[in-house]
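**Student:** Residue numbers (this note's numbering), protein chains in the order written: chain E, 22 to 445; chain W, 6 to 480; chain G, 675 to 867.
Hints were generated in silico from the structure; no laboratory data involved.
A hint or two may mislead.
Stated by the list, open to error - Simulated crosslink set (DMTMM-like; lysine to aspartate or glutamate; CA at most 25 Å straight-line):
1) W:Lys-46 - G:Glu-866
2) G:Lys-702 - E:Glu-227
3) E:Lys-97 - W:Asp-462
4) G:Lys-703 - E:Glu-443
5) E:Lys-195 - W:Asp-16
6) E:Lys-97 - W:Asp-16
7) W:Lys-342 - E:Glu-437
8) W:Lys-118 - W:Asp-17
9) E:Lys-97 - W:Glu-460
10) E:Lys-154 - W:Glu-460
11) G:Lys-825 - W:Glu-43
12) E:Lys-229 - E:Asp-66
13) E:Lys-154 - W:Asp-462
14) G:Lys-702 - W:Glu-37
15) G:Lys-703 - G:Asp-842
16) W:Lys-210 - W:Glu-460
17) G:Lys-730 - G:Glu-866
18) G:Lys-703 - W:Asp-462
19) G:Lys-730 - G:Glu-760
20) G:Lys-730 - E:Glu-443
21) W:Lys-300 - W:Glu-460
22) W:Lys-118 - E:Glu-437
23) E:Lys-260 - E:Glu-382
24) E:Lys-347 - E:Glu-437
25) G:Lys-779 - E:Glu-382
26) E:Lys-260 - E:Asp-66
27) G:Lys-822 - W:Asp-462
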Amino acid sequence: MKRIDLSRDTLTLGSFGGKVFVLSGVLGLAGLGVSFGLKSIAGNDAFMKSWLFAFLAVLAICLGALFFTILQHLVKAGWSVAVRRLSEGIAANLVWIWVLFIPIFVLMVSGNGGHLFPWAAPEAAHDHLLHEKSSYLNITFWWIRAVVFFAVWALLSRFYFGLSRRQDASGDYKATNTMQWFAPLAMILYALTQTFASYDWIMSLEPKWFSTMFGVYYFAVSVTGFFSAILLLIFFLQKSGRLQEAITREHYHDLGKLLFGFGVVFWAYIGYSQYMLIWYANIPIETSWFFPRQIGPWYWVSLILIFGHFVLPFLLLVSRWPKRFKGSIAIIAGWMIIIFCVDVYWLVIPVVPESALAGAETYDQLVEAVTPASLGWQLNAVDFLLPASMLSLLLSGTMFNLRRCSLVPTSDPRLEESLSFENF
Amino acid sequence: MSALNVDNTVDDPRQRSPLVLGHTDFASVTNEICAVNEAPKPPKLWYVTLVISACLASTLLVLVGYLVVTGVGVWGNNNPVMWGFPIVNFVFWVGIGHAGTLISAILFLFRQKWRTSINRFAEAMTIFAVICAGLFPGIHIGRVWLAYWLFPIPNQMEMWPQFRSPLLWDVFAVSTYFTVSLLFWYVGMIPDLATLRDRSNNRIKAIAYGFFSLGWRGSMRHWHRYERAYLLLAALATPLVLSVHSVVSFDFAVSQLPGWHTTIFPPYFVAGAIFSGFAMVLTLAIPARQIWGLKNFITMRHLENMNKVILLTGSMVGYAYGTEFFIAWYSGELYEKFAFINRAFGQYAWAYWIMVSCNVLSPQVFWFKRARTSIWLMFIVSIFVNIGMWFERFVIVVTSLAQDFLPSSWGYYEPTWVDTMTFVGSFGLFMTLFLLFIRFLPVLAIAEIKAVMPEADPHAHHEHDPDHDHEEGHA
Amino acid sequence: MSQSSSREKIWGYAAEFTTPAAITQAAKKVAAAGYRWWDCHTPFPVHGLDIAMGVKPTILPIIVFFGGLTGTLVAIFLQVFTNSLEVNLWAIVPVIGYQFEVSGKPLISGPAFVPVMFELTVLLSALTTVGSMFLLNGLPCLYHPVLKSTKLARITDDRFYIVIEARDPKFTDEATRSFLDSLGPESIEPLEP
Numbered sequence: 022m023k024r025i026d027l028s029r030d031t032l033t034l035g036s037f038g039g040k041v042f043v044l045s046g047v048l049g050l051a052g053l054g055v056s057f058g059l060k061s062i063a064g065n066d067a068f069m070k071s072w073l074f075a076f077l078a079v080l081a082i083c084l085g086a087l088f089f090t091i092l093q094h095l096v097k098a099g100w101s102v103a104v105r106r107l108s109e110g111i112a113a114n115l116v117w118i119w120v121l122f123i124p125i126f127v128l129m130v131s132g133n134g135g136h137l138f139p140w141a142a143p144e145a146a147h148d149h150l151l152h153e154k155s156s157y158l159n160i161t162f163w164w165i166r167a168v169v170f171f172a173v174w175a176l177l178s179r180f181y182f183g184l185s186r187r188q189d190a191s192g193d194y195k196a197t198n199t200m201q202w203f204a205p206l207a208m209i210l211y212a213l214t215q216t217f218a219s220y221d222w223i224m225s226l227e228p229k230w231f232s233t234m235f236g237v238y239y240f241a242v243s244v245t246g247f248f249s250a251i252l253l254l255i256f257f258l259q260k261s262g263r264l265q266e267a268i269t270r271e272h273y274h275d276l277g278k279l280l281f282g283f284g285v286v287f288w289a290y291i292g293y294s295q296y297m298l299i300w301y302a303n304i305p306i307e308t309s310w311f312f313p314r315q316i317g318p319w320y321w322v323s324l325i326l327i328f329g330h331f332v333l334p335f336l337l338l339v340s341r342w343p344k345r346f347k348g349s350i351a352i353i354a355g356w357m358i359i360i361f362c363v364d365v366y367w368l369v370i371p372v373v374p375e376s377a378l379a380g381a382e383t384y385d386q387l388v389e390a391v392t393p394a395s396l397g398w399q400l401n402a403v404d405f406l407l408p409a410s411m412l413s414l415l416l417s418g419t420m421f422n423l424r425r426c427s428l429v430p431t432s433d434p435r436l437e438e439s440l441s442f443e444n445f
Numbered sequence: 006m007s008a009l010n011v012d013n014t015v016d017d018p019r020q021r022s023p024l025v026l027g028h029t030d031f032a033s034v035t036n037e038i039c040a041v042n043e044a045p046k047p048p049k050l051w052y053v054t055l056v057i058s059a060c061l062a063s064t065l066l067v068l069v070g071y072l073v074v075t076g077v078g079v080w081g082n083n084n085p086v087m088w089g090f091p092i093v094n095f096v097f098w099v100g101i102g103h104a105g106t107l108i109s110a111i112l113f114l115f116r117q118k119w120r121t122s123i124n125r126f127a128e129a130m131t132i133f134a135v136i137c138a139g140l141f142p143g144i145h146i147g148r149v150w151l152a153y154w155l156f157p158i159p160n161q162m163e164m165w166p167q168f169r170s171p172l173l174w175d176v177f178a179v180s181t182y183f184t185v186s187l188l189f190w191y192v193g194m195i196p197d198l199a200t201l202r203d204r205s206n207n208r209i210k211a212i213a214y215g216f217f218s219l220g221w222r223g224s225m226r227h228w229h230r231y232e233r234a235y236l237l238l239a240a241l242a243t244p245l246v247l248s249v250h251s252v253v254s255f256d257f258a259v260s261q262l263p264g265w266h267t268t269i270f271p272p273y274f275v276a277g278a279i280f281s282g283f284a285m286v287l288t289l290a291i292p293a294r295q296i297w298g299l300k301n302f303i304t305m306r307h308l309e310n311m312n313k314v315i316l317l318t319g320s321m322v323g324y325a326y327g328t329e330f331f332i333a334w335y336s337g338e339l340y341e342k343f344a345f346i347n348r349a350f351g352q353y354a355w356a357y358w359i360m361v362s363c364n365v366l367s368p369q370v371f372w373f374k375r376a377r378t379s380i381w382l383m384f385i386v387s388i389f390v391n392i393g394m395w396f397e398r399f400v401i402v403v404t405s406l407a408q409d410f411l412p413s414s415w416g417y418y419e420p421t422w423v424d425t426m427t428f429v430g431s432f433g434l435f436m437t438l439f440l441l442f443i444r445f446l447p448v449l450a451i452a453e454i455k456a457v458m459p460e461a462d463p464h465a466h467h468e469h470d471p472d473h474d475h476e477e478g479h480a
Numbered sequence: 675m676s677q678s679s680s681r682e683k684i685w686g687y688a689a690e691f692t693t694p695a696a697i698t699q700a701a702k703k704v705a706a707a708g709y710r711w712w713d714c715h716t717p718f719p720v721h722g723l724d725i726a727m728g729v730k731p732t733i734l735p736i737i738v739f740f741g742g743l744t745g746t747l748v749a750i751f752l753q754v755f756t757n758s759l760e761v762n763l764w765a766i767v768p769v770i771g772y773q774f775e776v777s778g779k780p781l782i783s784g785p786a787f788v789p790v791m792f793e794l795t796v797l798l799s800a801l802t803t804v805g806s807m808f809l810l811n812g813l814p815c816l817y818h819p820v821l822k823s824t825k826l827a828r829i830t831d832d833r834f835y836i837v838i839e840a841r842d843p844k845f846t847d848e849a850t851r852s853f854l855d856s857l858g859p860e861s862i863e864p865l866e867p
């Protein structure tokens with residue numbers, strides 16, 4: 022067994038953390054400010070949709086981090102101890118992430134949310150199907166649920182991050198037992214809130230559509246985002262001269278395997294199953310969700326997702342070596358985080374243009390009727406600026422969370438195991 | 006030191022609990038496991054159960070013969086419930102067959118060392134369960150002698166199977182699964198067969214074990230490739246095990262029938278399969294470790310871990326039940342809503358509530374450590390789960406078919422005695438194969454168990470002092 | 675037995691060790707001494723022993739990748755051919771698949787072909803894995819000097835052996851025996867061919 026001496030390693034962010042915090046924070050806020058300035062280019066409705074997309078992307082990363090942290094305690098993992106603090110640090114952004122949700126919250130509570138969530142429009146009351154659902158899909162219950170979700174996430178992430186840091190100071194191994202004891206409960210809370218958040222904020226964008234798989238799909242999305250993000254974070258922290266000893270090639274390898282398993286294969290499995298079942302049964306109310314995603318330019322986006330989110334990363338990651346070299350895995354993770362954003366974009370933005378739908382009698386006519394003009398959507402600067410700014414804020418927040426603590430849980434009783442394990 | 010009384014279920018994060026109790030050298034491990042095969046006579050109970058199982062298996066054969074001669078009218082299948090017991094049993098057995106490969110492959114990839122004590126007979130169980138599973142669609146096709154039409158065999162009629170049908174995907178999925186599970190089981194067994202070969206005391210054994218161990222001689226150069234091959238097989242079997250039950254779920258979910266057509270079916274079926282498979286492993290492991298004295302290998306910690314997996318997968322199944330209900334309401338569709346209300350309160354409500362109480366409620370006792378470490382309680386719960394998972398398939402298959410869109414075409418399904426006895430008979434076939442396996446093949450993965458002992462670590466100190474190693478572990 | 679062993683040359687020497695640590699230490703020395711035709715025999719895969727011996731990583735994964743790829747291609751061909759194809763091979767042989775419409779799906783339906791593609795990929799990969807592992811390892815092996823020795827039967831139980839074969843260019847009866855002796859084994863066993 023290799024013995025690793027952490028005393029020579031830099032395990033804190035130091036002033037570097039402060040610099041990155043300020044820089045990425047200022048950049049992020051400036052980006053959001055500029056986006057607001059550009060609101061007129063996109064138009065108000067499209068802007069809010071882009072905002073929702075960017076928010077859901079950063080939220081997904083944080084939720085993935087929370088899931089990972091809880092999971093490590095649930096299964097009493099040893100290998101992951103050295104990277105767990107970083108995951109806790111990303112998850113701890115859930116304490117303030119609701120701030121980014123305020124614009125959507127305000128929009129909905131002010132009664133103008135009908136353009137974003139059709140069920141919130143006054144006309145929805147006259148639609149029979151939407152009226153049936155109104156005891157769940159109504160603004161009051163919607164914001165109560167949102168508050169509950171944010172409260173649960175803040176509580177869980179705070180609990181795991183806080184107790185883990187206190188263990189650093191106290192060195193008390195029993196803290197590990199406490200964290201493990203709460204893990205099953207935390208996992209159940211996580212599963213429920215994550216599922217219903219995905220129904221509330223993504224599935225109900227198309228309120229007549231439903232899919233029991235949807236919560237699982239958003240889970241697959243969130244772990245993709247998280248594993249890519251933590252690989253990049255580790256890579257950059259090591260570039261800055263930190264964690265040289267603590268995080269080894271084996272950790273890259275294992276995180277790469279998880280990215281491969283969950284972000285590539287599991288994602289494809291869930292995406293395929295959902296698509297194929299709806300495609301096969303061909304029930305109009307269900308296929309209505311895939312229509313907008315396979316007409317006009319969205320057809321190409323869907324293809325890019327299949328190849329960029331599955332085929333290409335599958336071929337890259339299936340072999341052992343790309344996962345073991347820092348440079349190659351970082352490039353792959355960088356690609357995955359971009360394609361992950363495309364995936365969230367693909368979930369949130371597409372709609373079938375009403376004008377095209379009005380005249381078309383058959384599917385072929387519909388496809389023909391879709392023109393860039395009738396689509397009511399075009400890619401604009403805000404679609405890039407918003408996610409970039411929010412990711413920047415996420416980095417800033419993570420630096421803030423980790424500013425004073427050690428970057429590895431130094432008193433975790435299984436740290437030794439994590440430092441010395443080897444993949445064979 | 007006598008490690009027999011060590012409680013290895015204690016959770017101390019400072020050190021990993023021992024997985025093998027009572028042994029500090031390799032030879033005693035070999036002796037104790039091989040004793041199961043080498044005892045001149047197996048326990049009396051073995052003979053008793055074998056006779057009963059063989060009788061039931063013969064019943065199965067007779068009933069299949071009766072079916073072939075008479076036709077599927079001997080079953081309760083009717084219109085509208087054209088899928089009755091045979092498909093329920095098929096899905097049930099395939100589900101059971103998932104735990105073996107899960108333990109071997111997924112737990113292997115996750116470096117769960119405790120798998121070594123249970124993987125061998127979980128894999129054996131998988132193979133036998135898949136044999137039972139494969140039987141049912143085979144006889145369900147009606148004209149059994151045309152079963153070869155399921156395979157793409159060139160023929161003078163220029164007829165090929167319909168590749169867009171999920172029933173054909175099943176043929177490919179189940180036969181691939183059977184082949185890969187068999188390979189996995191056999192490859193894992195080669196070193197242990199060599200052990201039995203080298204210990205055999207008569208010529209028949211020597212030739213038989215010698216034949217199947219392929220001349221294995223423990224060469225490290227061989228081990229190197231062997232380990233890589235095993236890892237690859239595990240990496241292949243993991244998505245395979247997910248795919249098989251997903252494909253089985255597609256049989257239902259591609260239709261338009263409310264209660265069948267729902268997108269969560271693939272992961273939900275997989276979770277259910279693992280759930281039922283683990284329950285079956287427990288049902289078999291608990292008596293086996295008592296009768297053959299394998300308590301040092303299948304320790305309380307192993308059982309406790311399995312109970313945790315049962316609780317986890319049981320909760321996942323509960324999540325899927327809940328999601329289905331919520332979305333059925335949320336969809337606002339009349340038929341969706343009806344299908345689920347009908348399940349819970351319709352003519353098959355009794356089956357539904359057996360399912361919920363066995364699958365969702367009974368595993369909840371495993372939240373408590375007292376329950377997770379109580380042999381009797383876990384045995385009872387494992388049987389409940391087996392029952393509950395059979396009823397889950399019954400509820401899915403029968404309730405949706407019996408009452409679909411048009412009230413004028415509603416019906417009721419009742420199994421005949423042939424249905425029931427065929428199902429019972431399949432247990433006979435399963436148990437017969439399993440009992441023969443325990444008697445003649447290495448029941449535990451001897452080489453793998455040795456490899457997870459602290460003594461197997463090449464960096465350990467020469468004194469072989471496990472306590473000393475532990476101290477170093479958390480220094 | 676005595677007659678044949680005196681007539682024929684010795685096949686090699688086997689040195690017995692009792693612990694994984696001891697054989698790992700010894701294996702490093704054998705590798706360093708420049709032997710090539712030698713091997714370790716162990717009851718279970720000793721972690722790191724292959725590295726100590728200087729065994730090169732196996733090419734097995736690469737073979738398996740191509741096995742899997744073959745499976746995918748076979749599945750695509752099989753499904754497209756049987757469900758939709760209509761061609762004249764070399765303009766003389768008409769080949770017609772079983773073109774049959776079901777549920778309004780096109781004859782070539784990507785989503786419906788995926789399951790069989792996946793299953794055949796896994797099937798061929800798994801068969802390739804096991805097949806090439808046997809092939810590369812030379813199994814089944816009907817006869818081997820290591821298996822002949824009754825003392826070495828403990829390989830599959832609790833003993834660890836280093837075997838140096840006589841065909842190694844560095845092998846000489848005395849020198850190799852004394853070299854093995856210097857590694858501190860429990861015993862040294864000559865092996866007959």
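**Student:** Against the structure shown, which of the earlier numbered hints fail to hold, in ascending order?
**Tutor:** Violated hints: 1, 2, 7, 10, 13, 14, 16, 17, 19, 23, 26 and 27; rest satisfied.
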